[in-house]
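K.L.:
As a plain string of letters, each chain reads:
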Amino acid sequence: MTGIDTAATTAAPRTYPDYSRPLWQRWTLTRETAVIGALIVVAVVASVVVPNFGTTVTLGFLLLDVTPILMIALPMTFVIVSGEIDLSVASTLGLSSVLLGVLTKAGWPIEAAMVACLVVGLLAGAVNGFLVTVVGLPSLAVTIGTLALFRGVAVGLLGTTAITDFPFFWQNLVQMRFGTSGIPVVMVLVVVLIIVFAVVLHATPYGRGLFALGLSKETAAFSGVNVARTKFIAFMLTGLISALAGIYWTLRYGSARGDNATGLELSVIAAVLLGGVSIFGGKGALHGVVAGVLLIGVLQSALRLANVSSDAINIITGVLLIVSVLSPRVLAWFKASRATRRRTLT
Amino acid sequence: MTAPTITPPAPAPAGPSAASRIFRSFTRARETGILAALIIVIAVTTAINPGFLFSPDGWRDLLLTPAILALVAIGQAIVIITRNVDLSVGSVVGLTAYLTGQLFVGIPGIPIILVFVIGALAGGLLGLVNGALVAYGKVPALVITLGTLYAYRGINVLWAGSNRINASDVPSAFLNLGTGSFLSIPYLTILALVVLLVAGWYLRNRRGGRELYAIGSDPAAAELYGLKVTRRVLTAFVLSGALAGLAGVLFVARYGTVSSQTGTGLELQAVGAAVIGGVAIFGGSGSVYGAALGAMLLLTINRALPILGIQDFWQQAVVGVLIIGAIVLDRVLALRLSRRLVAEREVGA
Chain A
1 MTGIDTAATT AAPRTYPDYS RPLWQRWTLT RETAVIGALI VVAVVASVVV
51 PNFGTTVTLG FLLLDVTPIL MIALPMTFVI VSGEIDLSVA STLGLSSVLL
101 GVLTKAGWPI EAAMVACLVV GLLAGAVNGF LVTVVGLPSL AVTIGTLALF
151 RGVAVGLLGT TAITDFPFFW QNLVQMRFGT SGIPVVMVLV VVLIIVFAVV
201 LHATPYGRGL FALGLSKETA AFSGVNVART KFIAFMLTGL ISALAGIYWT
251 LRYGSARGDN ATGLELSVIA AVLLGGVSIF GGKGALHGVV AGVLLIGVLQ
301 SALRLANVSS DAINIITGVL LIVSVLSPRV LAWFKASRAT RRRTLT
Chain B
1001 MTAPTITPPA PAPAGPSAAS RIFRSFTRAR ETGILAALII VIAVTTAINP
1051 GFLFSPDGWR DLLLTPAILA LVAIGQAIVI ITRNVDLSVG SVVGLTAYLT
1101 GQLFVGIPGI PIILVFVIGA LAGGLLGLVN GALVAYGKVP ALVITLGTLY
1151 AYRGINVLWA GSNRINASDV PSAFLNLGTG SFLSIPYLTI LALVVLLVAG
1201 WYLRNRRGGR ELYAIGSDPA AAELYGLKVT RRVLTAFVLS GALAGLAGVL
1251 FVARYGTVSS QTGTGLELQA VGAAVIGGVA IFGGSGSVYG AALGAMLLLT
1301 INRALPILGI QDFWQQAVVG VLIIGAIVLD RVLALRLSRR LVAEREVGA
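Chains as they are written, first to last, in our numbering: chain A, 1 to 346; chain B, 1001 to 1349.
Be careful, since some hints might not be right.
Derived lysine-lysine pairs resembling BS3-like cross-links, with alpha carbons at most 27 Å apart [claimed, not checked]:
id : chain 1 : residue 1 : chain 2 : residue 2
1  : B       : Lys1138   : A       : Lys105
2  : A       : Lys283    : A       : Lys217
3  : B       : Lys1228   : A       : Lys283
4  : B       : Lys1138   : B       : Lys1228
5  : B       : Lys1138   : A       : Lys217
6  : A       : Lys335    : B       : Lys1228
Simulated from the structure, these hints should not be mistaken for laboratory data.
Excised from the complex, chain A in its bound form (with noise of 0.2 Å):
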């Protein structure tokens, strides 16, 4: 039993490619242009719209911003292709942003509170890993089971307290700019990634695994493609990613708190799920992604600073996630209800 695309109801429909189309119909008219022209329009809109939202000073916040939200949705785009679901990457941030405080607060050099911040992440991912492919539970069960257990266990460490002290350096790093353009140096690590993670994805045997898992994982099996073993370092990835952004997180806000990034596992699943990753699994690209976070991103920061209260963004999150779900249904509906129509008058 795979992980979400039992959970819904009957018989999801997967759309295949239509080769009855040319190939650059079938190459542009995809869900991801859509993310990407949605995300263009509203970027344009915004900068004309709103004052001061075209300035470098607005990209480079908007950036920083986005970037803890982009480095996890990543790996859980992996996830969520293959059938399965990760809650617990907010709690392994705030676990990894604690680990971090404690560690050089009892005078571990940074450098080696990263690493062991990061090897916390991978096992963090393995548990969750271990869980799902070797015992057998369903992701979305064991996921919010860790979500509240990581979390706990952040919480348990440093109570209500928070460390602030950490290395000017670092934390100067990770706010700096390229020279006057607003383009943060840590975007340099989140494209490498983003790189990475497409290459591993759409061209690599690993990452077509991926997709195979998550359209049917008998016929995964039967191609070859080792199920728990893929399924377990895709986990163990959202578990390192999640790490290596509550490195970022702590370093950006100057603070190690157990509550750091509470509530961010949603964020990222509507973001991923907004870039054109089915729930079901074995549908998605990366770059939909990607466009998928930019645009909460700028919606986000275009409305802040036309002052409308930030947290009345959710409202439009959640519908673009609900209009981004429903409107491939609706327009399937709506060219099987005139193909009906057409078929009666003749």
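Dock chain B against the given chain A, drawing on the hints supplied.
P.N.:
Structure of chain B alone, referenced to chain A:
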């Protein structure tokens, strides 16, 4: 997922008396384990600090604290049984709690019973939106209710802003309802118990309830069999919304203060309570009694930890271990059951 279904009483072969049959099905029930865990937690904590159970305040808190989460968990269990999930309940609780406060502020002297009805109706309406999108749109509940989680919370924030409802805005008769009790059982607990018994009876004995299990076990088969899948799923979401709405009203009665962030994160607690109580996340199995016991166990452990000398910061970690332990246990039980069924079939053949 073939977790053991405990609800339908098997047609027992003639032999053991009714009493022993009931006793045996009781000891085998998945809920009994949760009940035992709950009793152990209460017993150990009471041994260390007798006031946990035997002081009037301790007794009251033991019964009162889980009432709100139990209501939400009952609704959540009904939805999960149909192989769906409702992540929007936390936002529904927040929105109806704020609505409750606004009703008292805006309409002085509004009858309290009317507030309860309006709260449940408003919650039911929000649940109807979820249910309609899931059932008619045929899109996964996880995505839809994640969307409405955000949307409802956003509406709440737009409406409330930084405004708060304080205890002074609410009539004292209503607040007394939140803390008062009848025969030393708090009113809110009585309400939750009544809801629990009605929901439990409906799911176990009524056709509509049994169909929810059938849909959750195999949606395609239920459809082929001619069950009204769309309508039943819709009803499940409306029920979950209405119970969350009721919980929102209770929240105001119990705590008196409401902000735009009330109920945040409650959805995961509710799903956690249901899972701990043996409701299989892939539907078709479990009971609302288990979910309510799960809610009680969760919140009782919360209150027990400081008494046991564990800093309450660790409470969430314990909850996590509990959830994982519960699903591992269910997995083991399911494997054992299927092995036994296979063995029986081979003997029979």
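K.L.:
For each hint, tell me whether it holds in the structure or not.
P.N.:
Evaluated hints:
| no. | hint | verdict |
| --- | --- | --- |
| 1 | B:Lys1138 - A:Lys105 | 52 Å, violated |
| 2 | A:Lys283 - A:Lys217 | 14 Å, holds |
| 3 | B:Lys1228 - A:Lys283 | 30 Å, violated |
| 4 | B:Lys1138 - B:Lys1228 | 14 Å, holds |
| 5 | B:Lys1138 - A:Lys217 | 22 Å, holds |
| 6 | A:Lys335 - B:Lys1228 | 26 Å, holds |
Checked against the numbered hints given earlier, this structure breaks hints 1, 3; the rest are met.
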